[in-house]
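Model the full assembly from the supplied sequences, consistent with the hints where possible.
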Amino acid sequence: ETGVTQTPRHLVMGMTNKKSLKCEQHLGHNAMYWYKQSAKKPLELMFVYSLEERVENNSVPSRFSPECPNSSHLFLHLHTLQPEDSALYLCASSQDQQGYNSPLHFGNGTRLTVT
Amino acid sequence: AQKVTQAQTEISVVEKEDVTLDCVYETRDTTYYLFWYKQPPSGELVFLIRRNSFDEQNEISGRYSWNFQKSTSSFNFTITASQVVDSAVYFCALSEVQGGSEKLVFGKGTKLTVNP
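Each protein sequence line maps, in turn, to chains E and G. First residue of the first sequence? That's 73 in the numbering used here, and the numbers climb one at a time after it. First residue of the second sequence? That's 6 in the numbering used here, and the numbers climb one at a time after it.
By construction, these hints were calculated from the structure, which means they are not laboratory data. Please note that the accuracy of each hint is not assured.
Under 10 Å between C-beta atoms, here's a sample of chain G residues computed to sit facing chain E [to be verified]:
#1 14
#2 38
#3 51
#4 98
Here are the simulated BS3-like pairs of lysine-lysine, each with C-alpha atoms no more than 25 Å apart in a straight line [to be verified]:
#5 E:112 with G:108
#6 G:108 with E:113
#7 E:113 with G:43
#8 G:116 with E:112
#9 E:112 with G:8
Output of the computed footprint for chain E on chain G, the stretches with three or more beta carbons under 8 Å from beta carbons of chain E [stated by the list, open to error]:
#10 52-63
#11 108-118
Ideal Cβ placement from N, Cα and C applies to all residues, glycine included.
Rendered as structure tokens:
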């Protein structure tokens, strides 16, 4: 079992739907992240949470709304998405967020398709 | 300007061949970290190595080896005697300070296919 678990693995949604992606880490880490991976592009950092507090938001559209209820769980709430939002969404965690020298541990990702 | 350049988009080799994945980075920091991650078809990125900017010693781990050269701003990754299980997308990443906080910047990745 991977230390970082993401559900669902695949999601197809219409542009008017509301859905949520879930991430859970079993590693005792203090920082969690959402990344977006699109074809032919580098991984894009979306959100960073450290000790349940959002510390970074990289100009992500408001149709993506993160939630971190505790240090082990991270959600990404989706609503009114666009087809270009179709991508692999990866969750990651690290021991601390003070520096990126802490290696990231990734989940398997959620493959999102917006129709 | 691209911070981390992985010029090889795709590489295809036959099993048992050696293969080198290139990574060139750009930074103004004197202290930074470099990483390699592997992304198999299952999707999750797997951490392979972290190297800080003060440690230019090359590292070997089994069939994997890394060549860090500050003079050319490169951090290349070599797989010796490649195996089919090495097929994956490999990402090089740079951690540096931007705007007062540390940022992790990934390259676009190199897709490696090892054929039997």
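Quick rundown of the hints versus the structure:
1. 14: holds (9 Å)
2. 38: holds (5 Å)
3. 51: It holds, given that the least Cβ distance between residue 51 of chain G and chain E is near 7 Å, below 10 Å.
4. 98: Holds, about 8 Å.
5. E:112 with G:108: holds (21 Å)
6. G:108 with E:113: Distance ~17 Å between residue 108 of chain G and residue 113 of chain E Cα, so the pair holds.
7. E:113 with G:43: holds (16 Å)
8. G:116 with E:112: Status holds; Cα separation ~11 Å.
9. E:112 with G:8: Satisfied, since the Cα-Cα distance of roughly 16 Å is no more than 25 Å.
10. 52-63: holds (count 3)
11. 108-118: Coverage by chain E holds here, the residue count being 7 at a Cβ distance below 8 Å.
Every hint, counting from the list given before, is met by this structure.
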